[in-house]
Structure formats: structure tokens, C-alpha cells
Amino acid sequence: MCTLEKRGQLFLLKLTGNGEHRLNPTLLDNLRSAITQIRSDPSSSRSLLITTSDGKFFSNGYDLALAESDPSLRVVMDSKLRSLVADLISLPMPTIAAVTGHASAAGFVLAMSHDYVLMRRDRGFLYMSELDIELVIPAWFVAVIRMKIGSPAARRDVMLTAEKVTAERGLEMGIVDSSYGSAAETIEAAIKLGEEIVRRGVDGYVYGRMRETLLKQVLHTIGSNESASNRMRNSGSKL
Amino acid sequence: MCTLEKRGNIFLLTLTGDNEHRFHPDAIATILSLLGQAKSQANRGSVLITTGHGKFFSNGFDLAWAQSSGSLAGAAERLHQMVESFKPVVAALLDLPMPTIAALNGHAAAAGLMLALSHDYVYMRRDRGVLYMSEVDIGLSMPDYFAAMIRSKIGTSAARREVLLSGKKIRGEEAVALGIVDSAAHDSAEGVVEATVGLAEKLAAKKWKGDVYASIRKSLYPELCEILGLKATIFATPKL
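Which chain is which? The protein sequence lines are A and B, in order.
Under this note's numbering, think of the first position of the first sequence as 109, with each following residue one higher.
Under this note's numbering, think of the first position of the second sequence as 2, with each following residue one higher.
No lab work stands behind these hints, which were simulated from the structure alone.
Heads up, some of the hints might be wrong.
[Stated by the list, open to error] Here are the simulated lysine-lysine pairs, DSS-like style, with alpha carbons at most 27 Å apart:
{"hint": "1", "chain 1": "B", "residue 1": "K56", "chain 2": "B", "residue 2": "K208"}
{"hint": "2", "chain 1": "A", "residue 1": "K324", "chain 2": "B", "residue 2": "K203"}
{"hint": "3", "chain 1": "B", "residue 1": "K203", "chain 2": "A", "residue 2": "K272"}
{"hint": "4", "chain 1": "B", "residue 1": "K208", "chain 2": "B", "residue 2": "K169"}
{"hint": "5", "chain 1": "B", "residue 1": "K207", "chain 2": "A", "residue 2": "K272"}
[Stated by the list, open to error] Coverage of chain A stretches by chain B, computed from C-beta distances (three or more under 8 Å per stretch; other residues unrestricted):
{"hint": "6", "segment": "204-211"}
{"hint": "7", "segment": "232-242"}
{"hint": "8", "segment": "257-267"}
We treat Cβ as the ideally placed atom computed from N, Cα and C, and that holds for glycine.
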């Protein structure tokens, strides 16, 4: 489901296989284990994380079909992703999302939970799909969006038109830092950027604490108990 | 003073008469009631467009009515009454289960600008009409929900300063550059309305579920919703 490699001082976390990389409980657990591994590596304070994926998708969001079969899993997936994102926010090293495929809803949030977003521009989009699939957007997703997207009009376009944001539009909106002609070029650029950053010799622990301070509001919203009515819930009606 | 028409999917709310469309308590009550009507008739694919006749979209609260009370205390009370009774209009627009578009035929000042900004999309004329927060010029203080609206809809600190503190009359091109409006491309009121109808048809074609749309809209503006006492809560079943 995911693999973790080390190349010099760069950790490469990859969502594997040609599927949609739906954030089901198992994948979320695997991702968290990988992060824990990274954190406990002795050289972690002088390292950097790059997250990427195989195939057409970065991640197509939560496993909604699974949640349909067992509604209690909605809460489980939401809770696990909160923990994963909180982990990424406190990670004592810079993070880069090399987005080489579609990132939708929770998958989009996962990409945005990285310090840098590099994206291919030949294919793929970022997509807050909830409006199109008749789901509300959890308050903590909105907190991430508000943090990472500065313009009110861009936030409206992302959330309230469910725009399929290409790399070019992502650059305009400030969600994407730079774009590349192919998946391979995107990953290559992420590695190059990673090596540049690591060369500056920043102390990862200081970096991680600073990021937490910057994203304090997001952490607060992640940690807060939303009222039950704000969560995804099966109203009992048939689809 | 205000009418609601239905044209296919589009609800057209018009501030009628060639006057300043000042928000007297009666006008406020009428607008609120018409928004309630639109809400009750909402369907998937409904869209609201709000526009006006004449030189003004709206020049804000009816200050002449406030002053005609005969005393300073009376004027303050009437102004307070308008400020408080306008809050539900803003809330109703934030809560409306359909996309909303303001088609500015002319000037939008103070509460009139607030009405415009309460919509999801704002189009204005390029050739005529200004946006103007007059409060700093006439010595009025700023209601908390006005300031929250500015913070919610206008992103940069320079733009907020220009709108709130400079007393500037902002024309179409500058309004677009400052990120206050979405478009100022047309040189007539008819052109603006036509453009908003085009946008409305695109949005209507998505056939979004109104209560989901409203809920997501409210979650975009948590501070404003808090001040207005609006909750962004619904149960939703995903369409798989």
C-alpha cells in the first residue's frame, strides 16, 4: 500500500499500485507507521520527506464505498487522517508533496498538509469533490484550506464550485508551488528541491516546532471535537 | 421597492425604482421576506441574482429616516434598529440553498456594499458605479458583522485598508484588482445582468443539492457565521 525509502537524507514515501489510493483505515495505518519510522530515525532532524504515488491518482479521498458498508468506519477514517495530518504538521523536517496524479477531497487535504506542493501539469487535478458528491466539508478540512489558500475567491472556487484545479490554476491560487511536464520530472524536481533544502542545514526540530506554531489554528481544529452533526453521517436514506 | 421573479432556474431579486434603494426597516423586511420565498421554492439548479434599477444598487441604511426621529438618541436608536434588522438579511443570504450572484447596476455603499458582498459572486459595471464604505467619512462606527464580512471576502490587508479606512470610491477595474468583485467587464447594467445570467446558467447546470451547497458556503466563513448565529450543520449522505 505504501513504501518508504531513504535516499541520502531524503525519505521517499510512496503510495503504491495503480489504484485510487483511497484513504481506508489500513492505508492510513500504514502511512502513520511510516511517519513514525521516519520520526524515530536518528538522522531525522537533518532530513526531508517527499510523498508521492504510483499511477493516475495521488489519492482519491476516503474509502466511501467501505464507509457505506460500515458507517462506523467514517469516523475511524476521519480520526486516523486527523492523526496523520497532525503528525505531518509536527514532523521535525520539511515535507514535499510530489503530486503526480489526481488528489480529491481527503487526498487533496493530504497533499496540502505538506510544506511544498509540486505537481505535474500535463495531467491530473486537485479536486474538493464534496459538493459534487453531496457531502459537507469537515471543519478541519476547511481549516487546512484556509491556511493553504489565501484568496477568498480561490477558496470559494475550490470549495463552492468543486473546481478541478489543474497545476496551472493551482499555481495561480498559490496551492501549487511549481509545475512540471510529467510525473518523472515532478519527482526529479522534488528530489532536487529536497536536496537544496537539506543542504541549508536547518535543525528539523526547530523547523517542526515553527510549523506547528504557524499552523496552530489547524492543529486546534483537528484536535477539537466537532459536534456530531458536523461529521459525515448516514442519514439512513437510500442512495 | 423590491420584487422577486422566477425565470426558469433563476430567481431575480430586484431593488426597484430609480432611487438610492436605502434600507429603511420596511425595505429590509421586504427583502427578508422575498429571500424566504426564494428559499421555500428552491430546487436543485436554482440560482439567485440580485440587482437594481437606476444609478444605485444601494446607498445603505436610511440615515434620513434615522435623523427624522427628532433627537440624537432617537437617531441612534433607529440606526441601531436598522443595523440589527439587516443582520438576518445577511444571514439569509449565507444560508440560501442555492448559489447567489450580485449584479451591480450602480453604486453600492455601506450596507449596500454589505448586501453585495453577502453573495457568492459579485459582478459590477466597468464604466459606472463605485463601491464605497462611507462610514469613515460620515463618522459612523462599523458594526461587527460588517467588519467580519470584509475580513471574510477581502483577502489582502492592503485591499481591506482601501475599502474600510481610505473612504475611497472604488471603481470596477480597481475592485477586480483588489479582489473585491469577480468581474467588471461590462459597460452597461444590461451587460452585467446578462453576464450574471450566463454564470447562473453554468452553476444551475451542476444541479447541486441546495442544503449541501449552503452548508459548504457557511463553512467557508466561520467567523461571520459565528457572529450571525448560523450553524453549518447538516447530515449528508454521499452520492457514490
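Evaluated hints:
{"no.": "1", "hint": "B:K56 - B:K208", "verdict": "violated (34 Å)"}
{"no.": "2", "hint": "A:K324 - B:K203", "verdict": "violated (38 Å)"}
{"no.": "3", "hint": "B:K203 - A:K272", "verdict": "holds (15 Å)"}
{"no.": "4", "hint": "B:K208 - B:K169", "verdict": "violated (39 Å)"}
{"no.": "5", "hint": "B:K207 - A:K272", "verdict": "holds (14 Å)"}
{"no.": "6", "hint": "204-211", "verdict": "violated (count 0)"}
{"no.": "7", "hint": "232-242", "verdict": "holds (count 5)"}
{"no.": "8", "hint": "257-267", "verdict": "holds (count 7)"}
Of the numbered hints given earlier, the model fails hints 1, 2, 4 and 6; all others are met.
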